[in-house]
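What follows is the residue order along each chain.
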Amino acid sequence: MDIIKFTSKKSFSIGFIGFVLVLLAALPLYAKGYTPILLTSIFMYVILSVSWTLFSGPTGYMSLATAAFFGVGIYTAAFLGKTLPLPVFIISGGLISSIVALLVGALTLRLRGIYFAIFTFGLVMLISNLLLFWELHAMETRGRFVVIVDYNTIYYTMLIIFVALMLTAYFIRRSKFGLALQSIGENEEAAAHIGINVTLVKVVNFAVSAFFIGAAGATIATRWTYVDPYIAFNPLFSFLPVLMAIFGGMGQLYGPVIGAVIFAYLQEILITRFAELYMLIFGVILVFSILYIPNGLVGLIQKWRKGGQAGEHASN
Amino acid sequence: MLEVCNIDTFYGKIQALWGVSLRIDEAEIVALVGANGAGKTTLLNTISGLLCPASGSATFLDKRIDGLTPHYIAELGISHIPEGRRLFPVMSVRENLEMGAYTYHAWKRKEETLEEVYRVFPLLKEREGQLARTLSGGEQQMLAMGRGLMSRPRLCMFDEPSSGLAPRLVLEVFKVIKTLREQGITILLIEQNVKRTLEIADRAYVLENGRIVSEGKSSELLQNNHIKKAYLGL
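For the protein sequence lines, the chains are Z and V, in the order given. 1 is the number of the first residue of the first sequence in the numbering used here; add one for each residue after it. 317 is the number of the first residue of the second sequence in the numbering used here; add one for each residue after it.
It should be emphasised that the hints constitute simulated quantities derived from the structure, not laboratory data. Please note that a few of the clues may not be correct.
Only pairs whose alpha carbons sit at most 30 angstroms apart, straight line, appear in this in silico DSSO-like list of lysine-lysine [stated by the list, open to error]: (1) V/K441 to Z/K10; (2) Z/K176 to V/K533; (3) V/K491 to V/K441.
Quick partial rundown of chain Z residues pointing at chain V, CB under 7 angstroms, derived from the structure [claimed, not checked]: (4) N187; (5) A192; (6) H193; (7) G195; (8) N197; (9) G283; (10) L300.
Cβ coordinates follow ideal geometry from the N, Cα and C atoms, glycine included.
Okay, chain Z solo, but in the shape it has when bound (with noise of 0.2 angstroms):
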């Protein structure tokens, strides 16, 4: 009885999933104009916000990188959009990033807590600051400009990568990989002794987490026509993610999915209501999703779930 209900649930999980995916590949034949785009937004912040859990939710380590490898995607794009085609220099902008998670990642993951954080989120300021000097000294122009690509395209770039980040989030949490990154979130010392590479499964998974991160970048990069080093290292890009996450709740995938949607639409509706208030908004929706639900909404779901299994059973 329990493994039919389980099996059905699965079945049906699975095809809501697929009804959505096809929902959201056909969206550019019904909806036309401001819907791809706003989409393409929201896929964005989702990108950013589940890539960020990849790493930091199962390790603990707080990273604020994500600014510098979305920043090296931008760059990427920007550097290389004119003369590779469009997928070439989307993948590169990934695979970039993960080089540079690799270096950075094999000199500091031996930090912990906030350390951590200060020197991820100095790396955001030293490519930044390292990009305009060299701009500045070298090419004696700041900023440039990035190939055009219409936003059908864009749409569906961001889409494919955002499908592509699931199955990889998906896979990394069944796997003996993904074992080993909770372990390590848990008692890293622990883990060590039990004889899991730890500076190796740490440093991996944050170059993969990058990969995404840099991909995204790359693909909004070609929307935004217009690039500097202070639009393309912008550090609201390291702090939003980590705020959709722990407003979604990292306990679950879903969890910086929900966080990312609910929180990207509320940015555009605000930004274009009240402009000057909506990081104050954003602030305060925060400090009260950390005092009352510290699990985020995932949290508030499986509570709400176990409570009517418990009234069920009860009325049985």
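Mind docking chain V on chain Z? Use the hints.
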């Protein structure tokens, strides 16, 4: 089986081990006794690769292991059950055990090993789905030992497995260690409970201020006046 030769280990500039040598033969129980801060844990950490010795050598099954990384040494068949258990608190008992089989060769046989571990610790099977942090102290120690066995080790190093346990549970721990030896696992044991330790061990080393000050058959050490005075309070 394990041969440690003239090891010096430092924490930064402070030297913790001074020319320590130690030998363990197949299927032996060897005890390492000494006061707090004598360097017992440091020696275990050096053997398992968590610390790198500044000089000297360590050989396991005719292979040099000093300077190798911990995951590589674990793969060779040394299991280190650290002091204070160090479980994964929000993983279930079963998940904790499965993580113990993380090494490449152990992962392939983890279901089979799990059955064996459950046979040694039937209680863990009952508690299979419970989170590790909800176990009692004794159960947590059983879990830590079980997790150490999941890697199918040739050599098991226990760091104070009885610390913080009730006397009856301490007996239980010693019983398990004896059973493991009967199954052919070689054991290096650190214990505060010197008398009982020397009773089950074949040989023992006494560590003081980072140096081995005496070694020999446990039965002989039990008769040694210095040992009697310093550790047995006789």
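Results of checking the hints against the structure:
1. For the proposed pair V/K441 and Z/K10, the alpha carbon gap of about 28 angstroms is at most 30 angstroms, so the pair holds.
2. Taken as a hint, the Z/K176 and V/K533 pair is broken in the structure, with Cα atoms around 43 angstroms apart against an allowance of 30 angstroms.
3. Taken as a hint, the V/K491 and V/K441 pair is honoured in the structure, with Cα atoms around 19 angstroms apart against an allowance of 30 angstroms.
4. The interface hint given for Z/N187 is met, as the beta carbon of that residue sits about 5 angstroms from the closest beta carbon of chain V, less than 7 angstroms.
5. With a cut of 7 angstroms, the hint placing Z/A192 at the interface with chain V holds, because the nearest CB-to-CB distance is about 5 angstroms.
6. Checking Z/H193 against chain V by beta carbon gives a least distance of about 5 angstroms; that is within 7 angstroms, so the hint holds.
7. Among the interface hints, the one on Z/G195 holds; its C-beta lies about 3 angstroms from the nearest C-beta in chain V, closer than the 7 angstroms criterion.
8. Interface hint at Z/N197: satisfied, since its Cβ lies 4 angstroms from the closest Cβ of chain V, which is below the 7 angstroms cut-off.
9. Checking Z/G283 against chain V: minimum C-beta separation of about 30 angstroms lies over 7 angstroms; hint violated.
10. Interface restraint check for Z/L300: the shortest CB-CB distance to chain V comes to about 19 angstroms, outside 7 angstroms, so the restraint is violated.
Of the hints listed earlier, those the structure fails to meet are numbers 2, 9, 10, in rising order.
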